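Student: For reference, the chains in residue letters:
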Amino acid sequence: MHLHHSDTFPDSHVHGSGTSSAAEGSGGRRRALRVGLGGPVGSGKTATVAALCRALREELSIAVVTNDIYTREDAEFLLREAVLPAERITAVRTGACPHTAIRDDISANLEAVEDLQDQLGTLDVILIESGGDNLTATFSKGLADAQIFVIDVAGGDDIPRKGGPGITSSDLLVINKTDLAPHVGADLQAMARDAEAQRGDLPTVLTAVKSPGGISPVADWIRERLAAWTAGPA
Amino acid sequence: MNRAALLVLADGRFPAGGHAHSGGAEEAVTAGRVRDVASLEAFCRGRLHTAGLVAAGLAAAAAAGYDPLLLEEAADARTAAPALRYTSRRLGRQLLRAARAAWPCAALDALATARPRGAHQPVVLGLAARCAGLTPLDAAHAATYESIGGPVTAAVRLLRLDPFDATAVLARLAPDMDHVAAEAADAAQRVQADGPAALPAASAPLLDITAEQHAVRGARLFAS
Amino acid sequence: MTLAAVPPSSPLPTVPTVPGVRATARIRAIRAGDTTVLPTLVGDGPFDLRRARPHGSQARVCILAAMSAPLGGDRLRIDATAKHGADLHITTAAATIALRGPTTAHATYDVHLRLAEHARLHWLPHPLISAARSNLRQSCTIDLAATARLVLREETVLGRAGEGPGRLSTRLTVRRDGRPLLEQQATFGPGAPGWDGPAVLADHRAIGQILIVDPTLEHRPPHARLLGDDPATGQAVLTPLAGPALLITALAPDTLRLRRLLDAAHPIG
Numbered sequence: 001m002h003l004h005h006s007d008t009f010p011d012s013h014v015h016g017s018g019t020s021s022a023a024e025g026s027g028g029r030r031r032a033l034r035v036g037l038g039g040p041v042g043s044g045k046t047a048t049v050a051a052l053c054r055a056l057r058e059e060l061s062i063a064v065v066t067n068d069i070y071t072r073e074d075a076e077f078l079l080r081e082a083v084l085p086a087e088r089i090t091a092v093r094t095g096a097c098p099h100t101a102i103r104d105d106i107s108a109n110l111e112a113v114e115d116l117q118d119q120l121g122t123l124d125v126i127l128i129e130s131g132g133d134n135l136t137a138t139f140s141k142g143l144a145d146a147q148i149f150v151i152d153v154a155g156g157d158d159i160p161r162k163g164g165p166g167i168t169s170s171d172l173l174v175i176n177k178t179d180l181a182p183h184v185g186a187d188l189q190a191m192a193r194d195a196e197a198q199r200g201d202l203p204t205v206l207t208a209v210k211s212p213g214g215i216s217p218v219a220d221w222i223r224e225r226l227a228a229w230t231a232g233p234a
Numbered sequence: 235m236n237r238a239a240l241l242v243l244a245d246g247r248f249p250a251g252g253h254a255h256s257g258g259a260e261e262a263v264t265a266g267r268v269r270d271v272a273s274l275e276a277f278c279r280g281r282l283h284t285a286g287l288v289a290a291g292l293a294a295a296a297a298a299g300y301d302p303l304l305l306e307e308a309a310d311a312r313t314a315a316p317a318l319r320y321t322s323r324r325l326g327r328q329l330l331r332a333a334r335a336a337w338p339c340a341a342l343d344a345l346a347t348a349r350p351r352g353a354h355q356p357v358v359l360g361l362a363a364r365c366a367g368l369t370p371l372d373a374a375h376a377a378t379y380e381s382i383g384g385p386v387t388a389a390v391r392l393l394r395l396d397p398f399d400a401t402a403v404l405a406r407l408a409p410d411m412d413h414v415a416a417e418a419a420d421a422a423q424r425v426q427a428d429g430p431a432a433l434p435a436a437s438a439p440l441l442d443i444t445a446e447q448h449a450v451r452g453a454r455l456f457a458s
Numbered sequence: 459m460t461l462a463a464v465p466p467s468s469p470l471p472t473v474p475t476v477p478g479v480r481a482t483a484r485i486r487a488i489r490a491g492d493t494t495v496l497p498t499l500v501g502d503g504p505f506d507l508r509r510a511r512p513h514g515s516q517a518r519v520c521i522l523a524a525m526s527a528p529l530g531g532d533r534l535r536i537d538a539t540a541k542h543g544a545d546l547h548i549t550t551a552a553a554t555i556a557l558r559g560p561t562t563a564h565a566t567y568d569v570h571l572r573l574a575e576h577a578r579l580h581w582l583p584h585p586l587i588s589a590a591r592s593n594l595r596q597s598c599t600i601d602l603a604a605t606a607r608l609v610l611r612e613e614t615v616l617g618r619a620g621e622g623p624g625r626l627s628t629r630l631t632v633r634r635d636g637r638p639l640l641e642q643q644a645t646f647g648p649g650a651p652g653w654d655g656p657a658v659l660a661d662h663r664a665i666g667q668i669l670i671v672d673p674t675l676e677h678r679p680p681h682a683r684l685l686g687d688d689p690a691t692g693q694a695v696l697t698p699l700a701g702p703a704l705l706i707t708a709l710a711p712d713t714l715r716l717r718r719l720l721d722a723a724h725p726i727g
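Protein chains in written order, with the numbering used here: chain P, 1 to 234; chain C, 235 to 458; chain R, 459 to 727.
By construction, these hints were calculated from the structure, which means they are not laboratory data. Computed from a predicted model, the values in this text were never measured in an experiment. Don't be surprised by glycine CBs; every beta carbon is placed ideally from N, CA and C. One thing to keep in mind: the hints can contain errors.
[Stated by the list, open to error] So, partial list: chain P residues that the calculated Cβ filter (under 8 angstroms) puts toward chain C:
id, residue
1, F77
2, C97
3, A101
4, D104
5, S211
[Said to hold, decoys possible] Okay, the calculated beta carbon distance ranges per label pair:
id, chain 1, residue 1, chain 2, residue 2, range
6, R, V500, C, L241, 55 to 65 angstroms
7, R, H677, P, D115, 21 to 31 angstroms
8, P, G185, C, R247, 38 to 48 angstroms
9, R, T691, C, L303, 41 to 51 angstroms
10, C, G266, P, S211, 23 to 33 angstroms
11, C, L303, R, H677, 42 to 52 angstroms
12, C, A402, P, D220, 50 to 60 angstroms
13, R, D537, C, R247, 47 to 57 angstroms
14, R, R508, C, D399, 54 to 64 angstroms
15, P, R80, C, D420, 31 to 41 angstroms
[Unchecked claim] Partial chain C-side listing against chain R, Cβ under 8 angstroms, derived:
id, residue
16, A276
17, P409
18, D410
19, A435
20, P439
21, D442
22, I443
23, E446
Could you build all of it, start to finish, from the sequences and the hints given here?
Tutor: Rendered as structure tokens:
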């Protein structure tokens with residue numbers, strides 16, 4: 001058995017603290033927009049990431065960091081589906097606590113993000129996928145510039161009403177698998193209404209990301225965020 | 235001197251990546267060698283007096299102001315398994331990030347510049363302690379506590395151990411931790427005269443072997 | 459003690475007035491044309507040094523034991539030097555057994571190996587056995603020039619059949635070109651904390667290492683490699699060090715299975 005790891009590194013990297021500003025990319029370049037994707041197990045986070053990569057990879061330079069709970073399955077799914085070249089996908093291990101790695105101690109994710117930026121040069125967007133967690137999981141502002149929370153109609157149409165930080169404070173709420181609503185008896189209008197009540201002006205998208213065109217509203221939202229990020233103060 | 239900074243540095247919630255590492259406990263659990271509170275305690279005692287002692291010596295020497303790059307070399311010589319050298323540098327890089335935010339200091343900046351891909355974690359820990367106004371003995375205490383605090387937390391998650399029983403393991407090992415930290419700090423005092431060879435080099439063959447086993451395991455919760 | 463028979467020509471063991479023997483073996487190898495010669499080959503006390511049949515340009519030395527050693531209180535030392543371009547092979551005739559002796563005081567057994575530029579040394583002693591109630595501090599210090607090559611194999615057995623080990627502490631220090639390459643210490647046996655626990659040895663009682671230092675490893679560093687999937691028959695790992703060197707670390711229930719693992723990892727002729 002051959003083990004592949006190396007403890008010798010090329011010396012070509014400077015890193016700052018966790019609270020890096022937009023201007024703090026390597027060589028004074030504007031760094032990539034970092035978008036976190038969280039949500040319960042099975043709601044379609046990885047499918048959303050895969051669909052976003054397919055929709056945006058021709059126009060944007062994208063990389064992905066996965067936070068797998070136990071295996072590298074999320075990363076390997078993305079590799080198998082060939083949504084991006086392998087060097088654009090990195091897996092971070094989280095010691096059974098995915099929410100810790102995206103909120104309380106973001107150091108491993110920041111290393112992964114910076115390594116991607118260094119290896120790939122110019123990057124527009126880095127998607128950071130959380131391991132499946134509960135409704136309280138949120139991304140630290142030190143790690144993600146914006147966060148998407150993905151739930152699905154099969155998980156129960158009362159989830160938006162129940163609230164929680166992911167529902168109430170995410171920059172975009174995706175209510176996924178709307179095509180399943182008739183089969184699981186989910187009331188889409190009630191979900192939309194409850195989401196609006198919880199989220200005020202924050203946007204919500206009801207869609208099925210695997211269906212044709214289903215990812216478009218999410219991809220459009222990323223384009224808008226990126227435009228605002230690029231235009232914003234460095 | 236600022237003793238409360240030691241609590242900040244040694245806190246398991248200090249955001250330096252430790253939560254994703256089991257210090258070899260996951261592989262010991264997988265192999266069936268750690269399966270209950272008693273075997274966890276035996277694991278921790280062995281780790282404390284080997285890897286913990288070595289880390290404490292390096293940390294104390296760095297906190298005493300000894301050249302961190304010479305300590306890097308000493309750490310390499312004391313870490314036979316490449317998986318453990320890799321992990322140590324990864325964690326060192328993460329700790330350096332957190333420490334530079336917590337205790338901005340030219341010495342930490344210089345180490346980051348000299349070792350952009352990460353310095354050995356105990357060296358960074360000692361230097362961070364120095365920048366926080368702590369003593370070499372304080373740094374040794376932080377290293378010894380960390381050497382078994384991580385495995386205990388991991389074992390709670392891996393074996394569903396009663397967290398009260400697990401914490402009692404740490405409490406029972408507190409006198410050992412004091413002893414190891416004192417030994418490490420004593421050794422660090424001799425480094426200026428005798429060089430890094432004066433530092434402890436206690437090895438743990440099973441930790442070396444299992445670190446390489448763990449590094450190629452597909453399904454695992456912890457990074458090490 | 460060394461188990462080899464002592465030939466009649468060997469010096470008789472001296473009887474010390476205070477417990478403990480002080481003895482040194484000295485070996486110096488130099489290159490002479492196509493061969494390696496041994497201008498210094500002396501040992502007192504338990505050390506009986508023999509020239510073995512050379513192997514091409516390699517000089518071979520076998521260390522026989524003329525008495526039981528190390529016992530508590532003994533101070534034993536071996537100094538071996540391979541000068542520029544010399545090729546030296548050193549082994550022992552049989553296992554070395556640390557015994558309690560007349561006192562509970564510790565014995566010391568210090569080995570110093572020095573390799574000059576382009577020198578090569580094989581250090582392949584038989585196993586060291588830590589018998590119950592013995593107390594030994596063993597060290598091996600090696601200084602290599604940048605172009606020197608080393609093959610070292612050391613095996614340690616904790617306790618003879620059916621007994622626990624004595625107290626044994628070991629230290630291996632390897633410097634190459636003046637810089638530290640490998641530093642390892644271990645303490646086993648009664649009073650040593652955690653040595654038989656799941657982080658250090660678990661229930662293994664035979665420990666072995668092969669260390670290869672060779673400048674050519676700089677250009678082709680080996681991959682880490684695992685050997686032995688069944689803990690009942692032992693396990694080993696081959697690891698590249700942070701330098702042109704590799705270390706094989708093996709654990710097994712006994713010497714036979716230990717040697718099998720070490721041979722599988724890196725056969726030594």
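Student: Hints first: check each against the structure and report whether it holds.
Tutor: Going down the list of hints, with the structure as the test:
1. F77: 14 angstroms, violated
2. C97: 6 angstroms, holds
3. A101: With a closest approach of 7 angstroms, the A101(P) hint holds.
4. D104: Result: holds, 7 angstroms to nearest chain C Cβ.
5. S211: 32 angstroms, violated
6. V500(R) with L241(C): 55 to 65 angstroms: 60 angstroms, holds
7. H677(R) with D115(P): 21 to 31 angstroms: 27 angstroms, holds
8. G185(P) with R247(C): 38 to 48 angstroms: Check passed, 43 angstroms falls within 38 to 48 angstroms.
9. T691(R) with L303(C): 41 to 51 angstroms: Hint holds: Cβ distance 42 angstroms, inside 41 to 51 angstroms.
10. G266(C) with S211(P): 23 to 33 angstroms: At roughly 47 angstroms between Cβ atoms, S211(P) and G266(C) fall outside 23 to 33 angstroms, so the hint is violated.
11. L303(C) with H677(R): 42 to 52 angstroms: 24 angstroms, violated
12. A402(C) with D220(P): 50 to 60 angstroms: Given range 50 to 60 angstroms: holds, Cβ gap about 55 angstroms.
13. D537(R) with R247(C): 47 to 57 angstroms: Given a distance of about 53 angstroms, which is inside 47 to 57 angstroms, the answer is holds.
14. R508(R) with D399(C): 54 to 64 angstroms: The hinted range 54 to 64 angstroms holds for R508(R) and D399(C), with Cβ atoms some 59 angstroms apart.
15. R80(P) with D420(C): 31 to 41 angstroms: 55 angstroms, violated
16. A276: Because about 4 angstroms separates A276(C) from the closest Cβ in chain R, which is inside the 8 angstroms limit, the hint holds.
17. P409: Given a least distance of 11 angstroms, the restraint on P409(C) is violated.
18. D410: Result: holds, 7 angstroms to nearest chain R Cβ.
19. A435: 4 angstroms, holds
20. P439: P439(C) check passes; min Cβ-Cβ to chain R is 5 angstroms, inside 8 angstroms.
21. D442: 6 angstroms, holds
22. I443: At 5 angstroms from the nearest chain R Cβ, I443(C) passes the 8 angstroms test, so the hint holds.
23. E446: 5 angstroms, holds
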